[in-house]
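Chains A and B, in that order, give the protein sequences.
If you use the working numbering, the first sequence corresponds to residues 1 to 184, in order.
If you use the working numbering, the second sequence corresponds to residues 1 to 184, in order.
No lab work stands behind these hints: they were computed from the structure.
Where is the CB? At the ideal position from N, CA and C, for every residue including glycine.
A few of these clues could be false.
[Said to hold, decoys possible] Covered stretches of chain A, as calculated for chain B (at least 3 residues, CB under 8 Å):
hint, region
1, 3-14
2, 27-37
3, 65-79
4, 125-134
5, 149-162
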Amino acid sequence: MSRLRDLYFTFMRIGGLTFGGGLSMLPMLKYELVEKKGWVSEEELLDCYAIGQCTPGIIAVNTATYVGYKKRGVIGGIAATLGMITPSIVIITAVAAFLAQFMDNPWLQHALMGVRAVVCALMLNTVITLARKSLVSLVSAVICLIAFLLAMFTPIPLVVIVILAGVAGIFMEILRAGKMGKED
Amino acid sequence: MEYLILFWEFFKIGLFAVGGGPATIPYLMKLPETYDWFTMEELTSMIAISESTPGPLGLNMATYAGFSALGVGGGLVASIGLVFPSVVVITLIAKFLTNFSENTYVKAAFGGIRPAVTALIAVAVYSLCRVSLFREVGGQWVPAGKTIVLTIILFLLMNVKALKKLHPAFWILLAAIIGIVFRF
C-alpha cells in the first residue's frame with residue numbers, strides 16, 4: 001500500500017513541477033526516478049522514452065504507466081498515471097474557472113488577443129522542430145507531403161491518414177527487405 | 001450521455017495522437033465542427049494557458065477542453081479518456097513485448113506515422129493561424145494587421161540564438177502585456 005502511495009505522490013510531484021511535458025520532462029524524471037528513488041536505471045528510462053515515441057498517447061503518461069507497472073504491476077501503472085494527471089486536472093480546472101469569471105473584462109480580452117499572436121509563433125516553431133526530426137529521408141518527406149495534401153484538401157478522417165502512413169511505412173520496409181534479399 | 005461522448009472523443013485522441021502534446025491539436029481542432037464545446041478562437045487561449053501551467057501539454061489541453069464542454073466533471077472525464085488507451089497499450093507492451101521498440105516492423109510503421117503526424121500538425125497550425133491572424137468580415141478574410149506584425153516579431157525573436165532557451169511561458173506573458181498595452 002505504501003508503495004502505491006509512493007508511486008502516486010512521486011508522479012504527482014513530477015507532473016506538478018514540470019512545464020510542457022515530453023522531452024522537457026526528462027531531467028525531472030531522471031532526478032526523481034533514477035537518482036532519488038532508484039526505481040529504474042537511466043537506460044530503462046531512455047528505453048521508456050523510445051517506447052513512448054512509438055506508442056499512442058502522451059509521452060509523460062506512457063512513462064508513468066511503464067514505471068508504475070514495472071514496480072507494482074497493473075495497479076501500480078494506474079496509481080502512477082493517476083498521480084501524473086492530478087496536478088493538470090486541479091490546476092487547469094482552477095485557471096479555466098477563474099478565467100471564465102472574467103471573460104467580459106476588456107483587459108483580459110486584450111491580453112488574450114495578444115496571446116493569439118504568440119501561439120501562432122510558438123506553433124510555427126513546433127512544426128519546424130518536428131519537421132527537422134521526422135523528415136529524415138526522401139520517403140518520409142513524400143509521406144509528409146501526401147498526408148499534408150490529404151488533410152488539407154480532402155475530408156478523409158485524420159485517424160485514417162495516420163493508419164495509412166503506418167501501413168506505408170511497413171510496406172516500404174518490406175520492399176526494402178525484399179530488394180536486399182534479391183541482391184544476396 | 002454527454003459525458004460518454006466526451007470520454008469517447010478523448011479516448012480516440014489518446015489512441016491516435018502519436019508523439020504527445022502537439023499531436024493532439026489536429027484532433028482538438030476537428031471537435032468544433034461536430035460539437036459546440038468550444039470555438040477555434042478559444043482553442044488558441046487553451047494552448048497558451050496549457051503551455052504556461054505545469055503538467056504535460058496534451059493533458060492540460062484535454063482538461064481545459066473537457067472543462068469548456070461540461071464543467072469540472074468534463075475536465076476529469078476528458079483527461080481520463082485521453083490517458084486510458086496509453087495505460088492499456090503500455091501495460092500490454094510492458095507485460096508481453098520485450099524489445100518492442102527494437103522490432104523492425106514497429107520501427108517501420110512509426111517511421112511512416114511520424115512524418116504524417118508532422119503534416120497533420122502543420123495543417124492544424126495553418127488553420128489556427130488563419131483564425132488568429134485574419135478576421136472574417138462579411139464572408140471575407142481581412143488581415144488583422146497588429147496581430148500579424150506581433151507574430152512575425154515574436155517568431156524572429158524566438159529564433160535568435162541567445163533567446164532560444166527562454167520558456168514559452170515568458171513569450172506568452174510578454175504577448176499578453178503587449179496585448180493590454182497596445183489594446184489589441
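Query raised in the report: Which numbered conditions among the earlier hints are violated in the structure presented, ordered from lowest to highest?
Result: 1, 2
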